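2 protein chains.
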Amino acid sequence: MESTQLIDHFSKYIQLNTEEVELIHSLFSYKSLKKKEFLLRSGDICRTESFIISGCLRTFSIDENGFEHTLTFAIEDWWTGDLLSFFTETSTSYNIVALEDSEILQITKTDLDKLYLKVPKLERYFRQLIQNAYVAQQQRIDQNLSQTAEQRYLSFVEKYPVLLQRIPQKHIASYLGITPVFLSMLRKKLSQR
Amino acid sequence: MESTQLIDHFSKYIQLNTEEVELIHSLFSYKSLKKKEFLLRSGDICRTESFIISGCLRTFSIDENGFEHTLTFAIEDWWTGDLLSFFTETSTSYNIVALEDSEILQITKTDLDKLYLKVPKLERYFRQLIQNAYVAQQQRIDQNLSQTAEQRYLSFVEKYPVLLQRIPQKHIASYLGITPVFLSMLRKKLSQR
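Order-wise, the sequence lines are chains A and B.
Going by full-length UniProt numbering, the first residue of the first sequence is number 1, and it counts up by one from there.
Going by full-length UniProt numbering, the first residue of the second sequence is number 1, and it counts up by one from there.
Everything labelled a hint here was simulated from the structure, so no lab data went into it.
Since we're looking at a predicted model, the values are computed, not measured.
Note that the Cβ used here is the ideal one computed from N, Cα and C, for glycine as well.
Check before you lean on any hint, since a few could be wrong.
Stated by the list, open to error - Sample of chain A residues with no beta-carbon within 12 angstroms of chain B, all distances over it, derived:
1. D44
2. T108
3. R166
Claimed, not checked - Simulated pairs of lysine-lysine, DSSO-like, Cα-Cα distance not exceeding 30 angstroms:
4. A:K118 to B:K34
5. B:K34 to B:K109
6. A:K109 to A:K188
7. B:K34 to A:K114
8. A:K109 to B:K34
9. A:K109 to A:K121
10. B:K34 to A:K12
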């Protein structure tokens, strides 16, 4: 069953009994995405939060000049979605696209609310998860304000070596807020040290 | 008692019984800060999370060239602290300073852990709180990547009119990632429209 990986993941943080495991199995639904397929498009309402079994997804916005700006990457055992759109049931500003063939498990807001009621210890899991994500984001804001592109790139390399192997350079450039050409120059310069 | 405001705040989100209210009163301690006084300095361990009763605090980092970069502002009914340092008990990269005479209620990690155990519904409150903070941060990252300084300033004006009245321009400039001179030019230009 596809949701075994999700149960294994939860079990790293909290203990689940058989009944709770069954409930989780029943509330998540499986979806596969082909590379380049969209999970969410700007203007949609984000109806599900998604746990990634395999693959890689990218969240990005498109500005008024048509340029893409990458907000997040998500791979196995991470979550993706737009929390604001999901919780407020309003249309999203973001797009989420598969960068590789991907498999995900999805839960709707109604079912997640049900899950929180039946398994309140999941509040703790999600609180800790979102806390960690908040901390990572705050470091990113700090770096955007205080560091050079080179420092930000080196920090990305150190923090996410796995992503570096799997994600096209142009998307890493867009995550760092620089052009692909500039990233290419930066990499060349660093490789010559 | 100073913690009445905190109880009132919690009560907007969750229902608390007398015993829980008493526990909260017992676990938070009151502190007052004079304007310009530091709550936290880079290199310290953030031993408490703080709920603000009155006043205004600013979180900032200092880069290797000595420039300050503002991460957050926090006023009445908001929380401040460095979550990473607080939860991992490692030294912080941030500074938190009072921009006005301020009154806060502080809780240590040990006492917050105790509080979560005794009043698990607070997990829900803090999950929702941190979710909202995460969403606001993501919007800020998106704006930093995709918008001009003018657009970011106008968005700040719209989102935080109260902060605009209370916070010196130089700190707003540092929050937006621009110089005070550039912010001043921007404001002049906008006022002439």
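Agreement of K109 (chain A) and K34 (chain B) with the hint, judged by alpha carbon distance not exceeding 30 angstroms: Given pair K109 (chain A), K34 (chain B) is violated - Cα atoms ~44 angstroms apart, limit 30 angstroms.
Holds or violated: K118 (chain A) to K34 (chain B), with C-alpha atoms at most 30 angstroms apart: violated (46 angstroms)
Claimed clearance of chain B by T108 (chain A), with the beta carbon kept past 12 angstroms: holds (17 angstroms)
Pair hint outcome, K109 (chain A) versus K188 (chain A) [Cα-Cα no greater than 30 angstroms]: violated (46 angstroms)
Given pair status - K12 (chain A), K34 (chain B), alpha carbons within 30 angstroms: violated (44 angstroms)
Distance restraint between K34 (chain B) and K114 (chain A), which requires alpha-carbon spacing of 30 angstroms or less: violated (46 angstroms)
Given pair status - K109 (chain B), K34 (chain B), alpha carbons within 30 angstroms: holds (24 angstroms)
Chain B versus R166 (chain A) - minimum CB to CB distance exceeding 12 angstroms, so not interface: holds (21 angstroms)
Satisfaction of hint between K121 (chain A) and K109 (chain A), Cα-Cα up to 30 angstroms: With a Cα-Cα distance of about 17 angstroms, the restraint between K109 (chain A) and K121 (chain A) holds, given a limit of 30 angstroms.
No chain B beta carbon within 12 angstroms of D44 (chain A)'s: Fine: 17 angstroms to the nearest Cβ keeps D44 (chain A) off the interface.
The earlier numbered hints that this structure contradicts are 4, 6, 7, 8, 10.
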